[in-house]
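Novice: Chains as they are written, first to last, in the numbering used here: chain A, 1428 to 1542; chain B, 3 to 119.
Don't read these hints as lab results, they were simulated from the structure.
Careful, some of the hints might be misleading.
Residues from chain B that keep clear of chain A, each with C-beta distances beyond 12 angstroms, as calculated [stated by the list, open to error]:
(1) S11
(2) F16
(3) R24
(4) S32
(5) Q40
(6) Q44
(7) L46
(8) K51
(9) S54
(10) H84
(11) E90
(12) S96
(13) G112
Using 20 angstroms as the maximum straight-line C-alpha spacing, the simulated SDA-like pairs for lysine to any residue come out as follows [what the hints assert, rightly or not]:
(14) B:K51 <-> A:G1441
(15) A:K1467 <-> B:P14
(16) A:K1468 <-> B:K71
(17) A:K1436 <-> B:K71
(18) B:K71 <-> B:V15
(19) A:K1465 <-> A:E1511
(20) A:K1449 <-> A:Q1526
(21) B:K106 <-> A:K1436
(22) A:K1467 <-> B:K71
(23) B:K111 <-> A:A1466
(24) A:K1468 <-> B:S11
Glycine included, every Cβ here is placed at the ideal spot set by N, Cα and C.
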Amino acid sequence: DTEVTQTPKHLVMGMTNKKSLKCEQHMGHRAMYWYKQKAKKPPELMFVYSYEKLSINESVPSRFSPECPNSSLLNLHLHALQPEDSALYLCASSQDIAQLGETQYFGPGTRLLVL
Amino acid sequence: AQSVTQLDSQVPVFEEAPVELRCNYSSSVSVYLFWYVQYPNQGLQLLLKYLSGSTLVESINGFEAEFNKSQTSFHLRKPSVHISDTAEYFCAVSVQGSGGSNYKLTFGKGTLLTVNP
Chain A
1428 DTEVTQTPKH LVMGMTNKKS LKCEQHMGHR AMYWYKQKAK KPPELMFVYS
1478 YEKLSINESV PSRFSPECPN SSLLNLHLHA LQPEDSALYL CASSQDIAQL
1528 GETQYFGPGT RLLVL
Chain B
3 AQSVTQLDSQ VPVFEEAPVE LRCNYSSSVS VYLFWYVQYP NQGLQLLLKY
53 LSGSTLVESI NGFEAEFNKS QTSFHLRKPS VHISDTAEYF CAVSVQGSGG
103 SNYKLTFGKG TLLTVNP
């Protein structure tokens, strides 16, 4: 099973709302990632978790707050977002971030619209 | 720092025609190369990757890519495309990072392949 699942598929929120994106994998992977993808652009890395600890934060604004409750789950908490944060949010996982040439497996994404 | 260039933002072709999607990279160290495909309204799927060994790598759906170190290229080819191959294709590279962390995937800007009947 090489599946990464993400919920919800679509999300519409106002600038004062608080919402969460969820990601789950059951491949035993110890590295999980959040990416942001704007239309017609490649994915941009936001956060990396390794063994449930935050390893990398690519200078993401604090209105995005990641959380890794256990090795299979990754959340992205959203608060006070701006319309320019509207994008496709992709979750990915890999066996380990330290292995050369690791394949990252992507979920289908959550399409977020901020009004 | 590494970078990836996909020269063609869009490639329209007719069904059953051959196609080549170009990818060039720049890096001063050894690289690991990937092609990902993104079908409309979906996430990214790994198509194929080059880590080492044979420079020609193949996917299960008829695509192949050849690693050319001298030309720093990893072009993707298919001899005969189907309408279902219509998608965005991203070339990506990873290199050994500092502290042994090799997580960083650097993506090209993507090439939209449109297969017309």
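Novice: Please write out, lowest number first, the hints stated earlier that are contradicted by the structure.
Specialist: Failing hints, ascending: 1, 4, 5, 6, 7, 8, 9, 11, 12, 13, 14, 16, 17, 18, 20, 21 and 22.
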